[in-house]
Amino acid sequence: MALRTLATRKTLGALSRFPQQLRGLQTFTLPDLPYDYGALEPAISGDIMQLHHQKHHQTYITNYNKALEQLDDAIAKGDASTAVKLQSAIKFNGGGHVNHSIFWKNLAPTKEGGGEPPHGSLGWAIDQSYGSVGKLIAKMNAEGAAVQGSGWVWLAVDKELKRLVVETTANQDPLVTKGPSLVPLIGIDVWEHAYYLQYKNVRPDYLKSIWKVINWKYVSEIYEKECP
Amino acid sequence: MRSAVDTSRETPFRCLSVDMSWSSSSNYLCISTSSSSSLISSNELARFNRLACESERHRGKCQDLNRPTNIFAYNSLKPPSFKFDKGQRRKDHVLKKPRNISAYYSLKPPSYKFDALEPYMSKRTLEVHWGKHHRGYVESLNKYLEKDDILYGYTLDELIRVTYNNGNPLPEFNAAAQVWNHDFFWESMQPGGGNLPILGLLQQIEKDFGSFSSFREEFIETALTLFGSGWVWLVLKRNEKRLAIATTTNAVTPLVWDDIPLLSLDMWEHAYYLDYKNDKARYANVFMDHLVSWNAALARIARAQAFVNLGEPKIPVA
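Chains as they are written, first to last, in my numbering: chain A, 1 to 228; chain B, 1 to 318.
In case anyone wonders, no lab produced these hints; they're calculated from the structure.
Keep in mind that a hint or two might mislead.
Dumping the calculated DMTMM-like pairs for lysine to aspartate or glutamate here, alpha-carbon to alpha-carbon at most 20 Å [unchecked claim]: (1) A:LYS55 to B:ASP279; (2) B:LYS280 to A:ASP47; (3) A:LYS200 to B:ASP279; (4) A:LYS85 to B:ASP279; (5) B:LYS132 to A:ASP205.
Derived coverage of chain A by chain B (criterion: at least 3 residues anywhere in the stretch with Cβ under 8 Å from a Cβ of chain B; other residues may be distant) [said to hold, decoys possible]: (6) 53–62; (7) 164–170.
No experiment lies behind these values; they were computed from the predicted model shown.
Using N, Cα and C, we set each Cβ at its ideal position, and we do this for glycine too.
So here's chain B without its partners, still in its complex pose:
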């Protein structure tokens, strides 16, 4: 966990708060500047203050009381090992600190073991797909964000929208969007998945596609007619207030059109090549029959209904 406390003697206490934003339960930590200091618990705050005092004690006479003290990564804080020369005065503070605050995103593992999806998606595929591809995207995203703090302070969803830049994606877009896409994809699958959706989701699918089987056919056909690398999504369209099947190329996600994705299927070749070679049809069918997590989709649409009014409210007759 990284956090920063900015204490200054003169100005009122300003706190860079740790904003733990969980979007689609994605595990990343983003540090954003916000004026509210209520997000840090009082324990943490006391700890920071204590550490701040400790480091100031070591600073000795060279301390510039007017300059704010920045402490980064409190868990690696230790007293400096060098002694001050009385004649020398360091411009900087005692602790060598990075100039910028960086936001870091973490690689969240799927909530099931790698061999839990056998025989439909092999352990090897998960090891390579998650361990190499997804990890690579996370690392390249972190590398991009280390360069400067222009893109500092966003949640991952916001970062995707910002870097998409309305169709002219910045270089960070690919990394950010693929991190999000893969997190979403792992959550869209579960061991023992498949079967039918239940409750409101089934009703909504039947309303918008006629029947579940026609939805399934359309989904699989869309997956097979996708050219190149991309994703197939079940989205809830905000404006039209209905479900739809969408395809995106490369790293694009329906988030950039402000739609709410409910399920995704990775049609990049790396997702199925080790298991199915070029047999996309079998992969798509197996996904629908055995892998797709309707529970996750149900949870997502339940949450989405807070934002999209899907039907007439059931007003009881008096």
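The shape of chain A in the complex, shown without the other chains:
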């Protein structure tokens, strides 16, 4: 099972690499997951992970590449109106690619340290800003549950103010739309496709369970890079 999924992931990546690189335009490929699809059970089911990665994320990448090609053409031709018209597709699909790439790195199986609370400077910063990791989790869950429709809930660090913030974005808007100096630390996908097969409409349950597989080690690394 693991071998087969590895094979499909690699071929998917290879296939989409060929046509574009001949034209000199840097296009994107589906990043591999550092864990198996079923490794995050029971917090997130293997079905969801597979669909989410192979279908949704891949679709964002495909459409992003398409939009980039069209943008490339439009810029080459000097077609300003088309270039501007493509911006929403780029924000949506490109944002989707960026956000999901962060999301996969934010998750880790429990065996590999998923869910283990942060120590070090990040833990200290969280305690300072929010009181405790538990309170931060409660706050993020409340904000995540309150998102109307589709979106993301983020824990970010403002690299200029050196402060932790909790933000939400709509649809696939990247976090920078909420503030140019925000660096995402944790992003939780609250689109329905991220939890529907398992949790149906009970988004709060999904938000509670996902903390068991959050990869705080990776998050701490990013934080220490931004705020040494």
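Fit chain B to the known structure of chain A by using the hints.
For chain B alone, kept in the frame of chain A given last:
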């Protein structure tokens, strides 16, 4: 059914009437204050009066004749179980009554059984979509409205417009609009749906889109290029007096722009995820081919023609 009768000895009889407004045959009951007492049938009125007299009999000597008597929820009316102390005088009336009159909206089931749309929309989807999502919206709307009576007395359509607040939606907007949207969506589908529209609706579609197939293509393409959660509508635009395809995000509905919706397709992921996973194209095609209720759309456009003049009247040559 909830209703209230306000009787006062001194002032003339004022009646809070039960305004049963059926908008797009949506089953909700809204209590509004209106001066006309003709909406309550005489039977009901007699019943209220009788119950009012009964409760007054129990009140004994402590009754304040100048204060109006309010009776709520007559079907749960019963004589009070405690006795009055002669020395104590209750400021309030005998019956513990809520201070505010609340409007309640009900959850209307689709007019077909849950498995009637199989295999195009599974029973499970309907159970979760209607039973959990739609029900959740209704309950949260009722909860919002219980808090105070600022939004009291509106029909659901009016409530949507008011809470939309011209683009700055109040928190109740999401709940109210989604209740309406889902009611509308269930009615936009029927078992054995699909095929072609007939009569005037087909003519109008051909007039505004060229042909039915180009309309269908445009509708499906719009559904697929929608970003995020939203709805796709076939609307009749009031100002332009023509049909158009509109998309809205999250809970917004064409009602807020004063257009008349004829059909809707729910493109929130919860509407299709259980059946089609991420295959939106198949869902949209199946909707168009097998689920859409052109009968409902025809009825709606027939009603809409009372408000929008769609064409030159056919004046017979003498």
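Hints versus structure:
For the hint pairing LYS55 (chain A) with ASP279 (chain B), the CA-to-CA distance comes to about 9 Å; that is within 20 Å, so the pair holds. With a CA separation close to 18 Å, the supplied pair LYS280 (chain B) and ASP47 (chain A) stays within the 20 Å bound. Our distance criterion of 20 Å between C-alpha atoms is met by LYS200 (chain A) and ASP279 (chain B), whose separation comes to about 18 Å. Straight-line distance between C-alpha atoms of LYS85 (chain A) and ASP279 (chain B) comes to about 25 Å, which puts the hinted pair past the 20 Å bound.
Simply put, LYS132 (chain B) and ASP205 (chain A) have alpha-carbon atoms about 14 Å apart, close enough for the 20 Å limit, and the pair holds. With 3 residues carrying a beta carbon less than 8 Å from a beta carbon of chain B, the segment 53–62 of chain A meets the three-residue requirement, and the given coverage holds. Closer than 8 Å: that is the beta-carbon criterion, and the segment 164–170 of chain A has 1 residues meeting it against chain B, so the requirement of 3 is violated.
In this structure, the hints that do not hold are numbers 4, 7, in rising order.
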